[in-house]
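Numbering-wise (my numbering), the sequence shown opens with residue 135 and increments by one.
Hints are computed from structural coordinates only; laboratory data are not their basis.
Just so you know, even glycine gets a beta-carbon here, dropped at the ideal spot from N, CA and C.
Hints should not be assumed to be uniformly reliable.
Claimed, not checked - Label-pair distances were calculated between CB atoms; the ranges are:
1. Arg-181 <-> Pro-202: 13 to 23 Å
2. Gly-244 <-> Ala-149: 16 to 26 Å
3. Arg-245 <-> Trp-164: 40 to 50 Å
4. Thr-261 <-> Phe-187: 46 to 56 Å
5. Leu-230 <-> Trp-154: 42 to 52 Å
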Amino acid sequence: MGRAARFPVFCLPAAVCAAWTVYAGKDVNWDLLNYHYYLPFELLAGRLEQDFFAASAQSYLNPIGYVPFYLMVSSGWHSVAVSIVLAVAHSLSIGLLYLLGWKLFAHLPGRDRAIVSILATALGTGTAV
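Using the sequences provided together with the hints, build the complete structure.
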């Protein structure tokens, strides 16, 4: 698969994920308030030694993965922009999963290879875990 063919493999999932994020709307849930936002604050504000178990058991999760979200929200980005950036970043794994399937099913003819790669990608992205 050439470079030009890889462009839609990453852009289509990014567009779909960004559109879904805008359609689904803002979500303010327990996870968001209690550790997605708080853990990076705790790290960057130097409160790791003070706030013992502040976010319940999730206090032991590594806060580094939540730092981009925290920085975007705390610097005043619009919620839709934050959601789109995160959706696009996470959608890259969909393109990578498709390319993995493309390599895995190299023994199949072109059309079958594409269909099975798409099905494998759908199965991989549709799981609950």
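- prompt: Which earlier hints turn out false for this structure, listed by number in ascending order?
  reply: 4, 5
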